[in-house]
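Chain by chain, the residues run as shown.
Number of protein chains: 2
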Amino acid sequence: MSQSAMLELTATEARDRMVQGDFTAEAYTQACLDQIAKRDGEVEAWAYLDPAHALAQARALDKQRASGNGTGALHGLPVGIKDIIDTADMPTQNGSALFKGYQPSKDATCVAVLRAAGAVIIGKTVTTELANTTPNKTKNPHNPAHTPGGSSSGSAAGVAARMFPLALGTQTGGSVIRPGSFCGVHAMKPTLGLVSRTGVTLQSHTLDTVGVYGRSLADLALITDALSQYDPSDAVSYERARPTVGATLAAGSVGTPRLGFFRSPAWDQAEPAAREALEAIVKKLGRSAEEVQMPALDGIIQHQANIMAAENSGYYGPLLARNPEGVSPNLTERLKNAAKVSAGDYVRSLAARDVLYGTVERVLGEFSALITLPSCGPAPKGLGSTGNAVFNAMWTYLGVPCVTLPLMTIGGMPCGVQLIGQRRDEGRLLAVARWVEEQVADRVVMR
Amino acid sequence: MSQSAMLELTATEARDRMVQGDFTAEAYTQACLDQIAKRDGEVEAWAYLDPAHALAQARALDKQRASGNGTGALHGLPVGIKDIIDTADMPTQNGSALFKGYQPSKDATCVAVLRAAGAVIIGKTVTTELANTTPNKTKNPHNPAHTPGGSSSGSAAGVAARMFPLALGTQTGGSVIRPGSFCGVHAMKPTLGLVSRTGVTLQSHTLDTVGVYGRSLADLALITDALSQYDPSDAVSYERARPTVGATLAAGSVGTPRLGFFRSPAWDQAEPAAREALEAIVKKLGRSAEEVQMPALDGIIQHQANIMAAENSGYYGPLLARNPEGVSPNLTERLKNAAKVSAGDYVRSLAARDVLYGTVERVLGEFSALITLPSCGPAPKGLGSTGNAVFNAMWTYLGVPCVTLPLMTIGGMPCGVQLIGQRRDEGRLLAVARWVEEQVADRVVMR
Numbered sequence: 142m143s144q145s146a147m148l149e150l151t152a153t154e155a156r157d158r159m160v161q162g163d164f165t166a167e168a169y170t171q172a173c174l175d176q177i178a179k180r181d182g183e184v185e186a187w188a189y190l191d192p193a194h195a196l197a198q199a200r201a202l203d204k205q206r207a208s209g210n211g212t213g214a215l216h217g218l219p220v221g222i223k224d225i226i227d228t229a230d231m232p233t234q235n236g237s238a239l240f241k242g243y244q245p246s247k248d249a250t251c252v253a254v255l256r257a258a259g260a261v262i263i264g265k266t267v268t269t270e271l272a273n274t275t276p277n278k279t280k281n282p283h284n285p286a287h288t289p290g291g292s293s294s295g296s297a298a299g300v301a302a303r304m305f306p307l308a309l310g311t312q313t314g315g316s317v318i319r320p321g322s323f324c325g326v327h328a329m330k331p332t333l334g335l336v337s338r339t340g341v342t343l344q345s346h347t348l349d350t351v352g353v354y355g356r357s358l359a360d361l362a363l364i365t366d367a368l369s370q371y372d373p374s375d376a377v378s379y380e381r382a383r384p385t386v387g388a389t390l391a392a393g394s395v396g397t398p399r400l401g402f403f404r405s406p407a408w409d410q411a412e413p414a415a416r417e418a419l420e421a422i423v424k425k426l427g428r429s430a431e432e433v434q435m436p437a438l439d440g441i442i443q444h445q446a447n448i449m450a451a452e453n454s455g456y457y458g459p460l461l462a463r464n465p466e467g468v469s470p471n472l473t474e475r476l477k478n479a480a481k482v483s484a485g486d487y488v489r490s491l492a493a494r495d496v497l498y499g500t501v502e503r504v505l506g507e508f509s510a511l512i513t514l515p516s517c518g519p520a521p522k523g524l525g526s527t528g529n530a531v532f533n534a535m536w537t538y539l540g541v542p543c544v545t546l547p548l549m550t551i552g553g554m555p556c557g558v559q560l561i562g563q564r565r566d567e568g569r570l571l572a573v574a575r576w577v578e579e580q581v582a583d584r585v586v587m588r
Numbered sequence: 142m143s144q145s146a147m148l149e150l151t152a153t154e155a156r157d158r159m160v161q162g163d164f165t166a167e168a169y170t171q172a173c174l175d176q177i178a179k180r181d182g183e184v185e186a187w188a189y190l191d192p193a194h195a196l197a198q199a200r201a202l203d204k205q206r207a208s209g210n211g212t213g214a215l216h217g218l219p220v221g222i223k224d225i226i227d228t229a230d231m232p233t234q235n236g237s238a239l240f241k242g243y244q245p246s247k248d249a250t251c252v253a254v255l256r257a258a259g260a261v262i263i264g265k266t267v268t269t270e271l272a273n274t275t276p277n278k279t280k281n282p283h284n285p286a287h288t289p290g291g292s293s294s295g296s297a298a299g300v301a302a303r304m305f306p307l308a309l310g311t312q313t314g315g316s317v318i319r320p321g322s323f324c325g326v327h328a329m330k331p332t333l334g335l336v337s338r339t340g341v342t343l344q345s346h347t348l349d350t351v352g353v354y355g356r357s358l359a360d361l362a363l364i365t366d367a368l369s370q371y372d373p374s375d376a377v378s379y380e381r382a383r384p385t386v387g388a389t390l391a392a393g394s395v396g397t398p399r400l401g402f403f404r405s406p407a408w409d410q411a412e413p414a415a416r417e418a419l420e421a422i423v424k425k426l427g428r429s430a431e432e433v434q435m436p437a438l439d440g441i442i443q444h445q446a447n448i449m450a451a452e453n454s455g456y457y458g459p460l461l462a463r464n465p466e467g468v469s470p471n472l473t474e475r476l477k478n479a480a481k482v483s484a485g486d487y488v489r490s491l492a493a494r495d496v497l498y499g500t501v502e503r504v505l506g507e508f509s510a511l512i513t514l515p516s517c518g519p520a521p522k523g524l525g526s527t528g529n530a531v532f533n534a535m536w537t538y539l540g541v542p543c544v545t546l547p548l549m550t551i552g553g554m555p556c557g558v559q560l561i562g563q564r565r566d567e568g569r570l571l572a573v574a575r576w577v578e579e580q581v582a583d584r585v586v587m588r
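Sequence lines, in order, name chains L and Z. Numbers given in my numbering equal positions in the first sequence, counted from 1, plus 141. Numbers given in my numbering equal positions in the second sequence, counted from 1, plus 141.
A hint or two may mislead.
[To be verified] Straight-line Cα separation of at most 20 Å, PhoX-like style, residue types lysine-lysine; simulated pairs:
{"hint": "1", "chain 1": "L", "residue 1": "LYS179", "chain 2": "L", "residue 2": "LYS247"}
{"hint": "2", "chain 1": "L", "residue 1": "LYS481", "chain 2": "Z", "residue 2": "LYS179"}
{"hint": "3", "chain 1": "L", "residue 1": "LYS241", "chain 2": "L", "residue 2": "LYS278"}
{"hint": "4", "chain 1": "Z", "residue 1": "LYS179", "chain 2": "Z", "residue 2": "LYS278"}
{"hint": "5", "chain 1": "L", "residue 1": "LYS481", "chain 2": "Z", "residue 2": "LYS278"}
{"hint": "6", "chain 1": "L", "residue 1": "LYS522", "chain 2": "L", "residue 2": "LYS278"}
{"hint": "7", "chain 1": "Z", "residue 1": "LYS280", "chain 2": "Z", "residue 2": "LYS522"}
{"hint": "8", "chain 1": "Z", "residue 1": "LYS481", "chain 2": "L", "residue 2": "LYS477"}
{"hint": "9", "chain 1": "Z", "residue 1": "LYS241", "chain 2": "Z", "residue 2": "LYS179"}
It should be emphasised that the hints constitute simulated quantities derived from the structure, not laboratory data.
Between the sequences and the hints, there should be enough to build the whole structure, so can you do that?
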């Protein structure tokens, strides 16, 4: 099979081909590396990449398969790892001068789990500074004059540029879903606690969620199931016993789902073309979609901001105090503002979460999923900002699973459609997403 | 049996007598009510008391016993309930003008559990305003010119004045142990999470701990075991499967324990006579006690203060904003200061707890228990303050069990001796406490 044909495959398809022996993990990783050589001069998705080490991992997986010792669920699939996630064999530099060359002593739990499932840990992808808002070098693969979004910039851009079929990101505000929308790829932020954060640089223990990128909904299910594992050392991790996400998705038909079209408190901040495009998508869903009457969610976006600022200040404030020269002016200013959040406001923002989730859960229970925008529009022009997370913050705060589907093109740039589900029900969310993809069929294109 | 003989009994003894039929629950409750009539003019321990209702509960318990349907572990024992703990049949006024006449719709879980064990919920005992520091009307039964301590003022004073054999208090700083020391009774603050807080007015979800008062160590074990129950609706509650506290205490011999004499970072704030008295106690323990070399616990008292202030501000700040006239000048000032704690400091104070507990746990592991003061000395003269919690705050922060034993008299007023154990090991702590009581035998008396 030609390299370009390999790169056309989804992760799930490529895994199946490698298991069947149609091509080797080494050949597939080589195809990815050749694509990186071709595209990365423009995209700059990498914080760390050692092609020889990636190929060595792939050869070891080929050897394991040849030995008859079986293949993992992610056999031979290169996965890009956001550079705030620890790796025993590569530095974790957190997009920060303060961590230049920092080499962790062991893998984050999520990386160890990927390796055990047969993935090739291909390299470390670019993150904004400490996964906050200061942009890094990565460009949008669809147009290098546009931001790829952040903070998981390199992971989203790398999947979009076909440098690897799968990647890990993290979301505290909108850092998985927004880059997914901007780069035109499938992305999911699962329920808070589904994926272990042990070994991930935390900026907010209340909000931080490991998320995934892939080339299809099945790809999202594949890597999510590989990652899903109870971790007693992560306070938000939970014990689980349910069908896998992949099994629920494969079971297929959810009947005709009922979609709740939720403009969200952020609607006025969206670009008119994006609003129009989403309305066109909703129209395609016909009588299955209806406008949601959501009770007031007073202060929900501010609550997320309070918590993110408070915990950022708690973790990074001392870092800034010790090393002011190692922190960018943008992050310095943000941390100075974050230090002004009062503990009382933070306590109230934490306490409000379960109350607000109760309200949202009642609405979610009436629908198969909510449908809304994943970003204010397509990737804005310019590299000075990674864009606005206002369409993501409330879902991160509530800890619910979100997925973005590359179903719209606006002004020549991709823009996603976001679906939201109930906590701990990624399977149903992806099944509904598949129905939406089938229903929409052709992308909605706006000038 | 005469009323005065009944009042001499410990709760455990009285329960046994009532189960055997030596006297009825009604007679015992009547003895308590008569004692209240005698003593409460001076002590003022009550926020709410309805003698007829208490007697009705006692008669119902007598009837249940007579019917052959068995008796609970607390059969016929009147328990004083701090007035921040909800009761379905009596108001919960929180020592605050804002809650005057407030009638909860149901019992706090801890009260429901006591009722199920056959206790008489005799009435609501005086608390300081919202369990904070503004003193209320209660006087020290040993000398009404002195504070009983707080915030569990009425519970400690009522047990000391023999108005009831058992009581519930709560501790956020030093609100169970300090009044226990000042009033010369046995008191225990168990491990954070042993007793459910559902239905208790929270001022700090991180610190608040329901504690108990009794007339002996066996009494503390008796009521603690009755209260010990996993509550999934209280985030700090934990599942448990170990011998009961009472069984561990009854098993007796812990061999010769090894006591760690820990002056604590607060030692310099203690009165010289109290320091001298404790040193005399330690001397009586002979070679079983030795001075602890504790690693530095930097900032531990400040950490507790940050958390208490932050969560107080979170809960009561909006209350103050809405009802400034219903909050005392003292609490108003405290809440205004509390609002100044930054979220970053609060996050760091929360994060430091497990690290500091790791340090303390290693030391606790070398000893059977630590021994220190429960208060800076005996109850200070005057009713304008409930005293200093500096000998309590770090233990509340760490969530470890603490007990105070009435083993010293200083200037004619009682003062306790505090023992500290490892989390979740109240049984061993009380067994060591019994050994200490036997070893000390006669109170240490200082002028």
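Here is what the structure says about each hint:
no., hint, verdict
1, L/LYS179 x L/LYS247, "31 Å, violated"
2, L/LYS481 x Z/LYS179, "55 Å, violated"
3, L/LYS241 x L/LYS278, "15 Å, holds"
4, Z/LYS179 x Z/LYS278, "17 Å, holds"
5, L/LYS481 x Z/LYS278, "39 Å, violated"
6, L/LYS522 x L/LYS278, "14 Å, holds"
7, Z/LYS280 x Z/LYS522, "10 Å, holds"
8, Z/LYS481 x L/LYS477, "15 Å, holds"
9, Z/LYS241 x Z/LYS179, "26 Å, violated"
Checked against the numbered hints above, the structure breaks hints 1, 2, 5 and 9 and satisfies the rest.
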